[in-house]
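Undergrad: Under my numbering, the first residue of the sequence shown is numbered 180, with each subsequent residue one higher.
No wet-lab data here; the hints were simulated from the structure. Some clues are possibly wrong.
Unchecked claim - Within a straight-line C-alpha distance of at most 16 angstroms, the following computed EDC-like cross-link-like pairs (lysine to aspartate or glutamate) qualify: (1) LYS286 - ASP416; (2) LYS308 - GLU403; (3) LYS190 - GLU202; (4) LYS377 - ASP242; (5) LYS286 - GLU202; (6) LYS308 - GLU241; (7) LYS286 - GLU403; (8) LYS251 - GLU241; (9) LYS377 - GLU241.
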Amino acid sequence: MARPVVRILRKIVKNDAMLNDPEEIYGWRVLLLACSACFGAMSFGWDNSVIGGVIELPSFKEDYGLAGDANKVRVANLSSNIVSVLQAGCFLGSLLAWPLTDRFGRKWCLVGTSMLITVGIIMQAASNKNVGTLYAGRFFAGVGVGSASTINPTYVSENAPRAIRGLLTGLYQLFIVTGGMIAFWINYSVSIHFPHTKVQYIFPLAIQALPAVLLGVCMLLCHESPRWLARQDRWEDTKRILALTRNLPLTHPYIEEEFQEIVDQLDYERRLIGDATFWNLFREMWTIAGNRKRGIISILLMICQQMTGTNAINVYAPRIFGNLGIKGTSTTLFSTGIYGIVKVVSCICFLLFMADSLGRRRSLLWTSIAQGIAMFYIGLYVRISPPKTTDTSVPPQGYVALVCIFLFAAFFQFG
180 MARPVVRILR KIVKNDAMLN DPEEIYGWRV LLLACSACFG AMSFGWDNSV IGGVIELPSF
240 KEDYGLAGDA NKVRVANLSS NIVSVLQAGC FLGSLLAWPL TDRFGRKWCL VGTSMLITVG
300 IIMQAASNKN VGTLYAGRFF AGVGVGSAST INPTYVSENA PRAIRGLLTG LYQLFIVTGG
360 MIAFWINYSV SIHFPHTKVQ YIFPLAIQAL PAVLLGVCML LCHESPRWLA RQDRWEDTKR
420 ILALTRNLPL THPYIEEEFQ EIVDQLDYER RLIGDATFWN LFREMWTIAG NRKRGIISIL
480 LMICQQMTGT NAINVYAPRI FGNLGIKGTS TTLFSTGIYG IVKVVSCICF LLFMADSLGR
540 RRSLLWTSIA QGIAMFYIGL YVRISPPKTT DTSVPPQGYV ALVCIFLFAA FFQFG
């Protein structure tokens, strides 16, 4: 009789490997490996989401010159700079991740990113009204989370059994939205319980370190990716790690088969690449029509994903809810908490019930249309009939706009 975890997985994952591969490979080790690495994704979601609420907190505004009669243009520039410097760090971190992981391995690069994120967060929490220190802390944390969010999916996919590789890689997105949701609710809590002290913004900035610390500690207890070990010609270690992760003996036919697949794939890659340099491969990427098409599609998908506005809502959610008619700092922060819950629940529903049945292309197409409709209505509402500052309640069309925000969050997770 199949173990309970296997029975559950077979209801979620529908493929031949799930039916035919040994049940022993779906143990606690592979799940813990995936969750350990995905604390880096949680750190990204947390760091990216917390700042939007922090810059709306009265104590932060007072200490960093965003309150009272401050020049509106200066306030807007300062707020946007505080927010966007993390993205600048993420950009650099994502570029550094590939050569560093190839050189030093997935595990130790994730440990290094956790340390960098922690240093950046300490600088933010200890900035003490110094905007320059806050900028530097945000940038260093950005380099760390940018690198970690690039390495996470690679590490998880290289350790996961083939049947549940897509499911475990999907944990990356689940951890991102979970981190964001926690950040939203922490912002709301401090706005209620610490209304007139520095703790109101220092605590949300400092607690960002939690997933980064968990990432570092957990990765110290995890092993290196077997595929990276194979690239270093450490064949005995590769086979040993495979057997350990799959909970099977070294001589088991499944271990022999998976090990041989890695050997064959690596041998094929080496014969295909030969002595080509990075720049040779980069040139082939854009001069060969098939490669160019795949590259452009991949890049455009990532660009379009960002242009949907999801990160803008994550960061500026309190301000956006305020612009839609919700009054009061605590109320807007509460609304962002609900927004975070919608994202988490939608992501779980997609991973459990829709990922395999919808397929990648179909889910991208219909959710893109749905996201566009939701954003189109919000834009029309704000442009044609925006809420007045004198209004004491949200108008009916404003409630529809709020619903569209939550629908957008759900559709984005499905896509």
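Undergrad: Tell me the numbers of any earlier hints that the structure contravenes, in ascending order.
TA: Failing hints, ascending: 2, 5.
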